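Colleague: Next come the chains, spelled out residue by residue.
Protein chains: 4
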Amino acid sequence: MNPPPWTVSHWFNTQAPVTLEGLRGRAVLAVAFQMLCPGCVSQGLPQAQRARATFREDDLVIVGLHTVFEHHEAQGSAAALEAFLHEYRVTFPVGIDAQENGSPVTMRAYGMRGTPTTLLYDRAGQLRLHQFGHVEDMAFGASIVAAMSSEAPLSADGNAITGVCGPDGCE
Amino acid sequence: MNPPPWTVSHWFNTQAPVTLEGLRGRAVLAVAFQMLCPGCVSQGLPQAQRARATFREDDLVIVGLHTVFEHHEAQGSAAALEAFLHEYRVTFPVGIDAQENGSPVTMRAYGMRGTPTTLLYDRAGQLRLHQFGHVEDMAFGASIVAAMSSEAPLSADGNAITGVCGPDGCE
Amino acid sequence: MNPPPWTVSHWFNTQAPVTLEGLRGRAVLAVAFQMLCPGCVSQGLPQAQRARATFREDDLVIVGLHTVFEHHEAQGSAAALEAFLHEYRVTFPVGIDAQENGSPVTMRAYGMRGTPTTLLYDRAGQLRLHQFGHVEDMAFGASIVAAMSSEAPLSADGNAITGVCGPDGCE
Amino acid sequence: MNPPPWTVSHWFNTQAPVTLEGLRGRAVLAVAFQMLCPGCVSQGLPQAQRARATFREDDLVIVGLHTVFEHHEAQGSAAALEAFLHEYRVTFPVGIDAQENGSPVTMRAYGMRGTPTTLLYDRAGQLRLHQFGHVEDMAFGASIVAAMSSEAPLSADGNAITGVCGPDGCE
Numbered sequence: 001m002n003p004p005p006w007t008v009s010h011w012f013n014t015q016a017p018v019t020l021e022g023l024r025g026r027a028v029l030a031v032a033f034q035m036l037c038p039g040c041v042s043q044g045l046p047q048a049q050r051a052r053a054t055f056r057e058d059d060l061v062i063v064g065l066h067t068v069f070e071h072h073e074a075q076g077s078a079a080a081l082e083a084f085l086h087e088y089r090v091t092f093p094v095g096i097d098a099q100e101n102g103s104p105v106t107m108r109a110y111g112m113r114g115t116p117t118t119l120l121y122d123r124a125g126q127l128r129l130h131q132f133g134h135v136e137d138m139a140f141g142a143s144i145v146a147a148m149s150s151e152a153p154l155s156a157d158g159n160a161i162t163g164v165c166g167p168d169g170c171e
Numbered sequence: 001m002n003p004p005p006w007t008v009s010h011w012f013n014t015q016a017p018v019t020l021e022g023l024r025g026r027a028v029l030a031v032a033f034q035m036l037c038p039g040c041v042s043q044g045l046p047q048a049q050r051a052r053a054t055f056r057e058d059d060l061v062i063v064g065l066h067t068v069f070e071h072h073e074a075q076g077s078a079a080a081l082e083a084f085l086h087e088y089r090v091t092f093p094v095g096i097d098a099q100e101n102g103s104p105v106t107m108r109a110y111g112m113r114g115t116p117t118t119l120l121y122d123r124a125g126q127l128r129l130h131q132f133g134h135v136e137d138m139a140f141g142a143s144i145v146a147a148m149s150s151e152a153p154l155s156a157d158g159n160a161i162t163g164v165c166g167p168d169g170c171e
Numbered sequence: 001m002n003p004p005p006w007t008v009s010h011w012f013n014t015q016a017p018v019t020l021e022g023l024r025g026r027a028v029l030a031v032a033f034q035m036l037c038p039g040c041v042s043q044g045l046p047q048a049q050r051a052r053a054t055f056r057e058d059d060l061v062i063v064g065l066h067t068v069f070e071h072h073e074a075q076g077s078a079a080a081l082e083a084f085l086h087e088y089r090v091t092f093p094v095g096i097d098a099q100e101n102g103s104p105v106t107m108r109a110y111g112m113r114g115t116p117t118t119l120l121y122d123r124a125g126q127l128r129l130h131q132f133g134h135v136e137d138m139a140f141g142a143s144i145v146a147a148m149s150s151e152a153p154l155s156a157d158g159n160a161i162t163g164v165c166g167p168d169g170c171e
Numbered sequence: 001m002n003p004p005p006w007t008v009s010h011w012f013n014t015q016a017p018v019t020l021e022g023l024r025g026r027a028v029l030a031v032a033f034q035m036l037c038p039g040c041v042s043q044g045l046p047q048a049q050r051a052r053a054t055f056r057e058d059d060l061v062i063v064g065l066h067t068v069f070e071h072h073e074a075q076g077s078a079a080a081l082e083a084f085l086h087e088y089r090v091t092f093p094v095g096i097d098a099q100e101n102g103s104p105v106t107m108r109a110y111g112m113r114g115t116p117t118t119l120l121y122d123r124a125g126q127l128r129l130h131q132f133g134h135v136e137d138m139a140f141g142a143s144i145v146a147a148m149s150s151e152a153p154l155s156a157d158g159n160a161i162t163g164v165c166g167p168d169g170c171e
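Chains as they are written, first to last, in the working numbering: chain X, 1 to 171; chain F, 1 to 171; chain E, 1 to 171; chain Y, 1 to 171.
Because the hints were derived from the structure by calculation, they are not lab data. Predicted, not measured: the structure shown is a model, and the values here were computed from it. A few of these clues could be false.
What the hints assert, rightly or not - Selected chain E positions facing chain X (in silico; Cβ < 7 Å):
1) Trp11
2) Pro46
3) Arg50
4) Thr54
5) Asp137
6) Met138
Ideal Cβ positions, reconstructed from N, Cα and C, are used throughout, including at glycine.
Bound-form chain X, shown alone (with noise of 0.2 Å):
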């Protein structure tokens, strides 16, 4: 069973919008996010930045998802994220996840429980790690390569740490 496609309202970073059916063929990381997450800015997206330098684009892509479930006013404006995509410099492809009666379609489709939240798909297309939390770089790492070859994933457990936000807000 394929994993949920992405429903996204706006791309920043790419000409053109990005399809996981369109990535078949490579490993694909996605990491969930809110620009004003605090475990997001600190853990979240810098992994993913160091993911970006650590691997080739032709074996993992990389794109952020704009999950906004909450501080819509804050946070869920195109302008608020261009300028935090600036600020933050980060390069990959970012799309906002589509709204729709007020809470993020891609994020409920998945079922996640906040943010940062990991999705790892493997070459075929299907996913090897869905990760609420903090992944450990080298747990990390090695859960690319095996989706990478599409072997069976590394169990890598995410540790909680502080500043991920949940439906109950930020901890």
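Chains F, E and Y: place on chain X using the hints.
Modeller: Same frame as chain X, but now just chains F, E and Y:
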């Protein structure tokens, strides 16, 4: 000569406006920041929070000044700042530096080079430290005690950090 | 061509000597270190311990090699190393690289430039990574999985760290 | 009442023995450590080195005391300590706490609980801070200035760190 007053259009985390004059007799730390300035989020504000946890409020007053000089659309609203302060658990008083002709009044009055900028006043209300960028914690603790005792400040050279924001953007 | 064997005069944390031949079929990580090398203490050994916590022993064997090439009087005795391993809670097998004419045999056989040096062997016993200095965790996790699956190693360039020790002293 | 003198069997990095009496008039920081104590290597000594870089020698004297209470064979010799000080670039004076009946005299005289322990004396030679474990940098800088001005010390509670060594071993 007294340092310039703070010109604030809106205060958070305080019931009454905070003025330098009203704080005479106590050492005062003011941290000028922008909510989308990486160096403010990773260093300037956490350091102010460490200072809050280290010194008694009777000895050291701590305030933030939101000196927005770029990305006004993204970070210029009170709602955006309020969400930021909530997520980052900033509990000391924070004032929005009043905008005049598109630039922040207090920032200009002090000739600040960018954010984060640290201002440290002694008990007599005199400015003892005006620092753009990072101050090491140990030198900072030393400067604060010097300000609390109204003695000559130690020289505390700030070190370059990545993520500080100036007129030419963030670096 | 097989890599050189380890020439060890004394083993800790193992009842029987450990040999590369005896480990054929499993990926192997060997960390060459000196107990008074700052970069080994702050980075090389903690990384090996993180690897031990990340991968199963069935998948990855980890050993330390104490390759003393300086300060023999201070760090050359088994008693000194034993105290060090106890205090730093190193629980994987560690062998003392045998001295010959005042220099460590295994270190010379591999042409190591100093400490820490990371050696990573695949399941077939071939050397896949020989790295002086630091390897970033994410790239390291990737290399380990590549070694476990006997695929081509990712290039994992080590970055300069302070505290590495070479023939001209530590820097 | 004056604090106990330092009883030292051998000094490094100084041509003449250093005594508390001879330092009257200047604030003094003494760091008690063991070369194989992880918390000393990762925190206590680096903090003393940061203090050395932050304060002038005229204002603050810094010395180390090698208080060996375990692993005498491994860390009890002057040669071992000399190699350690060289590799870790400790340039301030360090004295070996004299052994008597297998335990260090100065450590016992002060009733130290283990290593690292920080002793801070004011200009009058009085002990203002006696801290086992870690002191946060900001509070430490504050305490140092208080000692330099012979005022009442701020309370600077040390926080538990891993790697401190006490009578029951390191933890």
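Colleague: Does each hint hold? Answer for all of them.
Modeller: A quick look at each hint next to the structure:
no. : hint   : verdict
1   : Trp11  : violated (26 Å)
2   : Pro46  : violated (11 Å)
3   : Arg50  : holds (6 Å)
4   : Thr54  : holds (5 Å)
5   : Asp137 : holds (4 Å)
6   : Met138 : holds (4 Å)
Figure legend: structure checked against the earlier numbered hints; hints not met, in rising order: 1 and 2.
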